[in-house]
Amino acid sequence: MTALPHETLQALADAATDIAAAARPIPLGHFRRGLAVEAKADESPVTVADRATEARLRAEITARFPDHGILGEEFGNDRLDADYVWVIDPIDGTKSFITGHPMWGMLLGVLHRGQPVLGVVQMPALGEIAIGGPGLGATLNGKPIRCRTVAPAAAYLCLNELPRMLAKDRAICEALLAAGRYARATADCYSYIQLAAGWVDGVVDYGLEPYDYLPVLPLVQAAGGVMTDWQGRPLDRHSDGRVVAGSPAVHAHLLDVIAKAT
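Its first residue numbered 30, the sequence shown is counted upward by one per residue in the numbering used here.
No farther apart than 20 Å at their CA atoms in a straight line, the calculated lysine to aspartate or glutamate pairs in the DMTMM-like style are these:
1) Lys-172 <-> Asp-47
2) Lys-172 <-> Asp-43
3) Lys-124 <-> Glu-238
4) Lys-172 <-> Glu-157
5) Lys-124 <-> Glu-103
6) Lys-124 <-> Glu-67
7) Lys-197 <-> Asp-258
8) Lys-197 <-> Glu-238
9) Lys-289 <-> Asp-198
10) Lys-289 <-> Glu-203
11) Lys-289 <-> Asp-258
12) Lys-197 <-> Asp-285
13) Lys-197 <-> Asp-269
Pairwise CB distance ranges, derived in the manner of DEER restraints:
14) Ala-288 <-> Thr-37: 36 to 46 Å
15) Leu-57 <-> Ala-180: 32 to 42 Å
16) Glu-67 <-> Ala-88: 19 to 29 Å
17) His-130 <-> Leu-195: 17 to 27 Å
The hints are simulated quantities; they were obtained by calculation from the structure and are not laboratory data.
Cβ atoms here follow ideal geometry from the backbone N, Cα and C, with glycine treated the same way.
Sequences and hints are given; from them, build the entire structure.
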């Protein structure tokens, strides 16, 4: 794929920043205020805040880029054959959101002809926003961030969705718990900001949808990290939702740990 001009990517990043800022007050207006919670077909929770936030994001995108497609969590997909497709998760971490935990985020990604080229992870309750893309580098609140380099044995690891991993891939999960210096049970998108900022060294995730992993992929890559499925294959809309990310050495180590425990 031909690389997009820097000016095009920067314009998309600027627009995404404005779009995220425009939508930020909506979930914050509902946070810790008591919400009716519904269960979707897969039993995952959804609230009026999820739907209202995605509606605002879609409106902002369409107003600026009427010829772009949208892949969203709450309202489905539109024009996935367009050259540019925006990927939306309005509230990543709805369980955190409804229980008053501030580690939920808002995800925006852009695909160009199917390839992720821009990732935005906004943490409304924390007042943080991380942005990354090829040629743009990665930033957190405007300051450059980068994955750190450590030996795998010294790595700090985030294991997202640990209960689900234990239930379905126990041997792999037990191997991962011993794969670095520290391993923590975590969840949702903030683990990827921690990785991109050099605060942790690896993230293993489970049961994700495209709107969960495609927006964070360009951020991790722009920070010098590697992010693939559990077999080391590139991520796309059709990946199986099992993800491993890390600095290059730690990513390779985690793939090896998973392969040996499979």
